[in-house]
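K.L.:
Each chain is listed here by its residues.
Protein chains: 4
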Amino acid sequence: MVFGVAFRIKKRSIMFSVSSEDNQLVQILENPLLSLREKLLKRYKIVRGITEKLCEKLETEDYVIQSMPDVSPAKWHLAHTSWFFETFLLANWDDEYKTPNVLYNFLFNSYYVKVGDRFNRPERGLLSRPTVKEVYAYRKHVDDNMFRFFTEAYDEVLEKYSAVIEIGLNHEQQHQELMLTDIKHVFSQNPLYPSLVKYQANKLKAGKLEWLTINGGLTEFGHNRDGFFYDNEKPLHKRYIENFKVASRLITNGEYLEFMEDDGYKRAELWLSNGFAAVEKNKWNSPLYWYKEERGWYNYTLGGYRKVDINEPVSHVSYYEADAFARWAGARLLTEFEWEEVSKNIELTGNFVETGKFHPSINPDKGLTQMYGDLWEWTMSDYAPYPGYKIPEGAIGEYNGKFMSDQYVLRGGSCATSISHIRNTYRNFFPPDARWQYSGIRLARDME
Amino acid sequence: MVFGVAFRIKKRSIMFSVSSEDNQLVQILENPLLSLREKLLKRYKIVRGITEKLCEKLETEDYVIQSMPDVSPAKWHLAHTSWFFETFLLANWDDEYKTPNVLYNFLFNSYYVKVGDRFNRPERGLLSRPTVKEVYAYRKHVDDNMFRFFTEAYDEVLEKYSAVIEIGLNHEQQHQELMLTDIKHVFSQNPLYPSLVKYQANKLKAGKLEWLTINGGLTEFGHNRDGFFYDNEKPLHKRYIENFKVASRLITNGEYLEFMEDDGYKRAELWLSNGFAAVEKNKWNSPLYWYKEERGWYNYTLGGYRKVDINEPVSHVSYYEADAFARWAGARLLTEFEWEEVSKNIELTGNFVETGKFHPSINPDKGLTQMYGDLWEWTMSDYAPYPGYKIPEGAIGEYNGKFMSDQYVLRGGSCATSISHIRNTYRNFFPPDARWQYSGIRLARDME
Amino acid sequence: MVFGVAFRIKKRSIMFSVSSEDNQLVQILENPLLSLREKLLKRYKIVRGITEKLCEKLETEDYVIQSMPDVSPAKWHLAHTSWFFETFLLANWDDEYKTPNVLYNFLFNSYYVKVGDRFNRPERGLLSRPTVKEVYAYRKHVDDNMFRFFTEAYDEVLEKYSAVIEIGLNHEQQHQELMLTDIKHVFSQNPLYPSLVKYQANKLKAGKLEWLTINGGLTEFGHNRDGFFYDNEKPLHKRYIENFKVASRLITNGEYLEFMEDDGYKRAELWLSNGFAAVEKNKWNSPLYWYKEERGWYNYTLGGYRKVDINEPVSHVSYYEADAFARWAGARLLTEFEWEEVSKNIELTGNFVETGKFHPSINPDKGLTQMYGDLWEWTMSDYAPYPGYKIPEGAIGEYNGKFMSDQYVLRGGSCATSISHIRNTYRNFFPPDARWQYSGIRLARDME
Amino acid sequence: MVFGVAFRIKKRSIMFSVSSEDNQLVQILENPLLSLREKLLKRYKIVRGITEKLCEKLETEDYVIQSMPDVSPAKWHLAHTSWFFETFLLANWDDEYKTPNVLYNFLFNSYYVKVGDRFNRPERGLLSRPTVKEVYAYRKHVDDNMFRFFTEAYDEVLEKYSAVIEIGLNHEQQHQELMLTDIKHVFSQNPLYPSLVKYQANKLKAGKLEWLTINGGLTEFGHNRDGFFYDNEKPLHKRYIENFKVASRLITNGEYLEFMEDDGYKRAELWLSNGFAAVEKNKWNSPLYWYKEERGWYNYTLGGYRKVDINEPVSHVSYYEADAFARWAGARLLTEFEWEEVSKNIELTGNFVETGKFHPSINPDKGLTQMYGDLWEWTMSDYAPYPGYKIPEGAIGEYNGKFMSDQYVLRGGSCATSISHIRNTYRNFFPPDARWQYSGIRLARDME
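Protein chains in written order, with our numbering: chain C, 1221 to 1668; chain W, 1221 to 1668; chain U, 1221 to 1668; chain R, 1221 to 1668.
The following block holds chain C by itself, in its conformation from the complex (with noise of 0.2 angstroms):
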């Protein structure tokens, strides 16, 4: 198990549905037994029906849709992490592979620019073709290949790819959770209001937030375990930090709700100067998907559309939400350096939300909850490499370096993440304006 402790994703998880494999492939990551071809097989196998699982409910229209540029429709996902395994494992290890379409390096390479020219982002919702039915058989192809691969690649040259898979294997997680809220936000936009799962009543009550105190110090931070993980983890370095409180829980929609009543979206002091004009210019005046109706603040979710519950954590807020939010509490935004070390410092049960929502009280004798598979969590810290980082060489090594502008890190993982894709050094990264994540808020301050 990733930290030791068996996650258990509750009924109310987008990811429940899938959580019988997702558990599967955390044993599989954790068993000593199996060899390294037997394990890349597996949850190769796994990682890919997760996906078309996840799609079980889409009809063959909602596969096509794009709601604005940085939404990508579901197709696309399910094309683009073909495309992957395709791109660099197939075509390398088989001078005689085929692709089903020349046209398709085109149309579902997304960033690469080493790997070719790349179809406009904001017009992938442009195009019908090719179909839903065209774009399965696509992932079939490759799939009948990967499987051909891993019968027939000797042991070395299973070895020399096991690193491309392992990326692949990550970078279909990633998209996993990027075509959930991608789906969210093309689904709210129709007044239809659809759902993707079975909503479940929340019973519980959010606890007190309390303040924990954390030592700081002069100590390391970054990947340091056996397993996967990005460039964007290393190196492992030094870094000082002062002692700092941190709260025990998330922001709930409750108290958030406070902050709105309490003219928190147009009291321009509380706000960034970016922040207030993003707000100005976006007409914010609640987290994305929530509804001012005569009986009061709706929210749209995956599970319908419903009343807002106060005792959920607030969601689908931007960083400067989160920023203005914490100066109004009197307090901040922890840096991802203070939460890697509350990480380290807590030992964690590993209870996760259910419908990424809402854990009451996991750990009550430690206090510390919803670390883990609630909503990812924004930190004050901007998105940059580590001390001595190299950007890793060839096309995949585009991967993470060209971002690190102009974006801010969030920690932890949300309700749609798998969750043999967590971990405590895991940096993933959003604009301080990007609302259709699954992006919460933890406070932080300073000892007085």
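Since the hints were derived computationally from the structure, they do not count as laboratory data.
Hints should not be assumed to be uniformly reliable.
Where chains are identical, the list cannot tell them apart; a pair therefore holds if satisfied intra-copy or between any two copies.
With a Cα cut of at most 20 angstroms, we get these calculated EDC-like pairs of lysine to aspartate or glutamate [stated by the list, open to error]:
(1) Lys1458 to Glu1440
(2) Lys1610 to Glu1489
(3) Lys1353 to Glu1279
(4) Lys1610 to Glu1475
(5) Lys1259 to Asp1446
(6) Lys1454 to Glu1668
(7) Lys1277 to Glu1354
(8) Lys1501 to Asp1337
Following the hints, position chains W, U and R against chain C.
P.N.:
Chains W, U and R in isolation, oriented as in the chain C frame:
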């Protein structure tokens, strides 16, 4: 027959697949033996059927996409035309009438302000639901109720609603054409260039362009026959026009290429000021759907991607391009009244172009060809009310008057227009920079 | 006198400060005893002098600013009108002629493509240099050389250039009006609301609006007298118009307020589709320069910021607003030909409005007032060439033809137009959303 | 002296015309014999005088223009810096104090939300009034009252306001630099290319770029001396940094040209993702103010339009360009803490560059040159609060904290910065696409 001569839709026309139904429509209109009820019911069935037949080759995904704000997804067209009958007939006629979904009125209203709020037009492509299947079910629901109406309505009720049905049928025929041009635009965005119809190569040469003299004077314009007409074709009124000359046929791709090769798109003095601004803003250097390949100019058609045929009439040009071409050629466009006068002076054989592109020698003794059903011909007349025009009462009356600014009139009908929907007083209209319709160029000259 | 009767510019007119010079211009035009040379020289001096006199109250800073792309800085107007004489006369007449700065041709060309590249129009306000002083020196330089021309040129040379001078003087008079409307726009941006002229309160009440019947028929339109005209007023040509009714005076602020209070700006059914889109996009809820204060509606005028006078004619409305008001009032606008026909049927006393805002009872026996020099009257005619119109050769020929799309014709001249520049065949034109000109509303009706 | 050594501003510096006053400022700051009152009064007079002296060569028109939203007109700078003293001192100190115009508070407030509404920043260039003369009168009015304050205020009152005066003086010095960079931008728009200072040709060659090793460790950062500092330089705090290498001088135009000639602007792999998007959107292919002529690359400087000098340090590059150049060179930028560490390790001679462009060999025995007063050096540190940072109370406290997102820190001061305003803990900051400041490139490298 509408113009006294039989139209024959040739094999290269987009409408070829529905030519049999289209000819039936003409015969029904001219059949004096049919009752009003029979006429309306038969026409209703055929028109609604044509709409669906035109979609036969579409994949589900093709129905969903809106490739620019002017374009509507095919499924929107299918639903909106049904909404029309539901709203203006069924809901009035039958107090008990139930729509499948009360939100459809919101989603499928276009610009009928009086009928309620409308879903934002440029966001029609954001809706994956209702699905295509549900939209077809909606059509069936409306059709079933309409058939009930045709069966149950008393004669006087039928008569009362006959005008609404008449408008509804013509409205649907308009949307048939828009649906085709919209699908063409959607497909053109796709590097896979899907085709809708089978291409049949043109083997004919464009004849020599002749100048025919037309006598003007003080004559009458506007609709003055039996049969359906739009409010904008009335009142019948007098105008004085000078004698003038008209070109015997449309301008060909070959002639337009000469203009392009003579730096037509670079010479500001050939253009209206707003026209040249549009050239620079949109980086126009050819008609829409033309692409410069190493092998020469290609264009995308509903029959696929192929080499530009120099004998076909040039299509998909804006008013600005038509005007600039005319200036380059030492000529001008016709006014809409000159066009109507031409149509009155010449006996029409009614031969129809194939693929709406080309017909070399209709009525060679008279010399005038390609007047109907090839391409909509840009006139130099802005779209304005006729003297004494009154906006009709009621929601359907919003129809035409509100668009009477910033647009130019086109006459004649295109290869995507139903025969039964073409007449010589018909006023189509589009903004001067619109290019996604089947719009072409016919020249005129003042007498010396 | 242009219309056979003496105009008297009253004290409230913007042009009042130059009324003496303006009257002299009229007298010179009508004086049969003056030679061509004397006439042109005298007129040149007066017209050039008026331009500068209109700027007398400006501070140096006022000359520099471009408050929107349509507006040009005053110093640009001063320079551009000089550039005209330099380019089209001096540089042709005198091979030795030296411009003060070779870049002036680039900076002060407006849209005469054939004369060379032009400085980007929307960036005219980015130029602090040449300074105002240098621009006046440029004017003097051009004037000195023009005086040399008037002294030295042989009669046949003078005659050869007389058309250019004539156009240059009319061109400068157009820019006098634009300069005033542009300054008004610049000043209106400033919370200090500077004023250019002294406000004299209006004490007259608007008379009752009467409907006068005008007989139509087949008559001639276009310029048919001696004296200067623009290419767009020709050829003289026949048109047929129906009998119609015309309002005896312009619509007042008071009447327009009724429209506003009747939710005129909120009722889509009153508007052209593009008009209502403009209302929404620009958030129009009143004429330009109107501001809602607690004490009621105020407007900014060149005479300062003051309470809206309900007796003055409403000004600074777009075509869309004029059209919507007319529809609300159960009437319509005139066509430009109806307007011209009205002007032919009524003997005009030529009394001029004060401040271009209001004159209650000119020619009360005839009933028709405020036809000239109050406000430009929007007509429902798009700006199009007359039948047989030919674009003149040469650079000056770019003048009018290229603007013949997407604009509407206004007739009559405003309180900022020189008397000597007004005539009943004059066709002014602006896009339908333009509001910064002195544009007003006169209603018409069809006969019942 | 600020850094213990006398700075000598050389003849090619923009600040040369005020070097005598600037040196006086340094001496006053270091003079232990002066009373607080004497110090503040003397400094007030000199700083205010420098602002006006820098404008000596401006024409009235030059004061008015805003060439882009980031730029403010010179007269706005003159007024805003006066408004600062009026608002934060005079209006508080003297109940009877009268501003010349109550609207000035609205017009000349910049972003101090707590002090009231502000005139929209991008529209500062729309104001012709108050005139330049009136603005200078406003300055005099404020100065007269400030002199009265210096004369009349009791010691404890003086002391109470000394912090406000200190901020006001530093604030004015910041605006001196902005005023110069803004004027440069305004002038650069003008094809006449006005110059503000006399150009003196550089005769020195850039020395060889050396790599110096700096030892890191756990050390302190932030302001820790006497004298003024901004809130963002505090608290003094510990950080751990690794050993690293720093370049001995700034990158030259010649070196940057090599990057350009190696297709630096076309190779996506060299750029941050947002950086390459900025290149494409803004069509960057050289630093700001560079123009490709047939004779080679030219640039506009405040000394006029001239050939690019390959020995001068490259200026007017964005963060994105600095970052891409560094990547191309196999290096990186410094963090702001590395920069500060460098500044602590090297004894500075304080020689200043001429025209802020180049100084080849300051302190050659130590090897490090051009650290202060040449160009602001982009660091790879985003602009964020130091650990424990508290936003100061009150309106002046809005000063820095609110800008702490989406910007990068620059260090060192430029040729347009007053000597007395430079210190090694000073944190300047601009968005990564800003280019109109004097910003340059110093490289760093990790230890191997």
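K.L.:
Run every hint past the structure and note whether it holds.
P.N.:
Results for each hint:
1. Proximity of Lys1458 and Glu1440 under a CA criterion of 20 angstroms is satisfied in both settings, with 4 angstroms inside one chain copy and 15 angstroms between copies.
2. For the identical chains of this complex, Lys1610 and Glu1489 are inter-copy neighbours only, at 14 angstroms across copies versus 39 angstroms inside a copy, given an alpha-carbon limit of 20 angstroms.
3. Both within a single protomer and between protomers do Lys1353 and Glu1279 lie at most 20 angstroms apart by alpha-carbon distance, with minima of 12 angstroms and 10 angstroms respectively.
4. When the C-alpha separation of Lys1610 and Glu1475 is checked against a cutoff of 20 angstroms, the pair qualifies neither within a copy, at 42 angstroms, nor between copies, at 23 angstroms.
5. Taking identical chains as interchangeable, the C-alpha atoms of Lys1259 and Asp1446 lie at most 20 angstroms apart only when both belong to the same chain, with a minimum of 15 angstroms there against 63 angstroms between chains.
6. When the C-alpha separation of Lys1454 and Glu1668 is checked against a cutoff of 20 angstroms, the pair qualifies only between copies, where the shortest distance is 16 angstroms, while the shortest distance within a copy is 33 angstroms.
7. In this assembly of identical chains, the alpha carbons of Lys1277 and Glu1354 lie at most 20 angstroms apart whether taken from the same copy (18 angstroms) or from different copies (16 angstroms).
8. For a Cα distance limit of 20 angstroms, the shortest separation of Lys1501 from Asp1337 across copies, 18 angstroms, qualifies, whereas the shortest one inside one copy, 33 angstroms, does not.
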